Structures are given as C-alpha cells and as structure tokens.
Amino acid sequence: GDSVTQMEGPVTLSEEAFLTINCTYTATGYPSLFWYVQYPGEGLQLLLKATKADDKGSNKGFEATYRKETTSFHLEKGSVQVSDSAVYFCALSGRSGGYQKVTFGTGTKLQVIP
Amino acid sequence: DAGVTQSPTHLIKTRGQQVTLRCSPKSGHDTVSWYQQALGQGPQFIFQYYEEEERQRGNFPDRFSGHQFPNYSSELNVNALLLGDSALYLCASTRRTGLGPGYNEQFFGPGTRLTVL
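Protein sequence lines, in the order shown, are assigned to chains W and V.
Following this note's numbering, the numbering of the first sequence begins with 1 at its first residue and continues without gaps.
Following this note's numbering, the numbering of the second sequence begins with 1 at its first residue and continues without gaps.
Mixed in with the good hints there might be a few duds.
[What the hints assert, rightly or not] Derived list of chain V stretches under chain W, where covered just means 3 residues or more per stretch with a C-beta under 8 Å from a C-beta of chain W:
| hint | segment |
| --- | --- |
| 1 | 65-79 |
| 2 | 83-96 |
| 3 | 109-117 |
[As the list claims (entries may be wrong)] Simulated restraints on C-beta separations:
| hint | chain 1 | residue 1 | chain 2 | residue 2 | range |
| --- | --- | --- | --- | --- | --- |
| 4 | W | THR51 | V | GLN41 | 46 to 52 Å |
| 5 | V | GLN17 | W | PRO114 | 24 to 30 Å |
| 6 | W | SER79 | V | GLN17 | 46 to 52 Å |
| 7 | W | GLY1 | V | LEU11 | 28 to 34 Å |
Quick caveat, the hints were computed from the structure, so don't treat them as lab data.
Note that the coordinates shown come from a computational prediction; the quantities given were computed from them, not determined experimentally.
Glycine included, each C-beta is placed from N, C-alpha and C at the ideal position.
Could you build the full structure based on these sequences and the hints that come with them?
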C-alpha cells in the first residue's frame with residue numbers, strides 16, 4: 001500500500017537558518033504530494049502541494065519539488081523564522097476506485113530559536 | 001464561508017463507553033473523511049463517506065462506524081472504547097470528481113480531542 005517516510009525530529013534551528021525536511025514515498029500510479037503544517041493545538045493546514053512529476057509547490061517561502069525518479073518531496077526554506085515552529089507532515093493522495101484518501105508521514109517537529 | 005467544523009472540541013470518556021463525533025463539511029463539499037491522530041503520530045485514515053455510503057476504509061476495527069446525512073454532514077461513532085482510542089480525531093471534506101487525473105484538496109477541521117480514561 002501507499003506509505004510516506006519523513007525524517008524524524010525534532011529539528012532545532014536558529015532563526016534565519018536553512019531548512020530541509022526529507023520525505024520519500026511509496027505509491028502506485030501517480031499520486032499527488034503535499035506538505036501539511038500543524039501549529040500547537042490546531043488542526044492541519046495545507047502548506048503546499050504538487051500534483052505531477054517535476055512540479056514545484058511553494059508557499060510562504062517554503063518549497064518542495066515532486067521528484068518521481070527518487071520518489072521524494074523534500075521541504076525547504078531558505079530562512080526560517082520563530083513563527084515557523086510547528087509539526088510538518090508529508091503526505092500523498094492516491095485514488096482507489098475514484099475515491100481519494102490521504103496517507104501521512106509521522107511528522108517532523110521543527111523548533112526555531114531566536 | 002465557514003470551513004470544516006467539528007464538535008465537540010474535547011471529550012472525556014471511560015473505557016467501554018460509546019462516543020459520537022460530528023463534522024460539518026466546507027460549503028460545496030460532498031465527501032467527508034475521518035482520520036485518527038494519536039499523540040506524536042501522523043493522521044491515520046479511518047474511512048470516507050460519499051452519497052451517504054462508506055466508500056473507503058482504513059485498517060480500523062468494526063468498533064469504528066460512521067454515517068453521512070443528506071446535508072453531507074457526518075458522524076463518527078466508536079463503541080467499546082479502549083484506552084488506545086485516545087487521540088485527536090480529524091474530519092476532512094472535499095468535492096468529489098469523476099475518475100481521471102487531478103486532485104481535489106481536502107480541507108481539515110480543527111479536530112476533536114478524545115481522552116479515554
């Protein structure tokens with residue numbers, strides 16, 4: 001079945017540091033890929049997405065490129081801020097009989113210190 | 001435009017009891033999915049409802065059941081609660097399209113925090 005593997009946290013960075021969170025996936029067909037963010041005490045928010053190979057999703061300074069050849073979708077940001085502290089989930093969506101479901105990784109906690 | 005809403009926000013139950021969680025989808029959405037997020041873990045897919053029928057199911061026992069109403073809102077029922085059922089339960093809604101490429105974004109609600117004592 002579908003699965004997502006992402007780097008374990010927590011990841012602690014100083015403000016303005018470069019961020020990379022690795023994510024690889026296993027899926028049949030051509031899934032869509034996502035990064036969700038969850039701030040403390042809140043639900044999930046879609047951060048960015050890519051729906052086909054070589055697409056680059058971007059939002060709020062975060063980027064990720066859909067790499068089919070390496071089955072990866074790594075999240076990057078050039079300069080993190082304290083407000084980026086949250087848990088980040090890599091996810092994929094595949095179709096089964098015309099119905100989509102989302103498969104999540106285990107999450108990576110990011111802590112940015114001033 | 002209200003997003004996905006869930007009730008209650010928090011719930012405390014004891015082992016063996018039954019619980020019902022509720023979800024109202026985003027306006028214009030007709031498909032509702034439920035996820036269980038244990039502490040420190042990623043959300044796990046429970047099931048998905050469309051046209052008042054369960055269309056997909058994850059690896060959860062029959063103690064987990066659901067319902068979708070004609071107005072597209074949904075309920076998640078869990079019987080014979082276990083300590084391990086303590087988690088954040090997330091509802092997500094989307095608008096279903098026919099077979100073919102593309103993706104309809106799922107919008108998540110804030111979740112219901114269930115504690116089983």
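Taking the hints in turn, this is what the structure says about them:
{"no.": "1", "hint": "65-79", "result": "violated (count 0)"}
{"no.": "2", "hint": "83-96", "result": "holds (count 4)"}
{"no.": "3", "hint": "109-117", "result": "holds (count 3)"}
{"no.": "4", "hint": "W/THR51 to V/GLN41: 46 to 52 Å", "result": "26 Å, violated"}
{"no.": "5", "hint": "V/GLN17 to W/PRO114: 24 to 30 Å", "result": "45 Å, violated"}
{"no.": "6", "hint": "W/SER79 to V/GLN17: 46 to 52 Å", "result": "49 Å, holds"}
{"no.": "7", "hint": "W/GLY1 to V/LEU11: 28 to 34 Å", "result": "30 Å, holds"}
The structure does not agree with the numbered hints 1, 4 and 5 stated previously, though it agrees with the rest.
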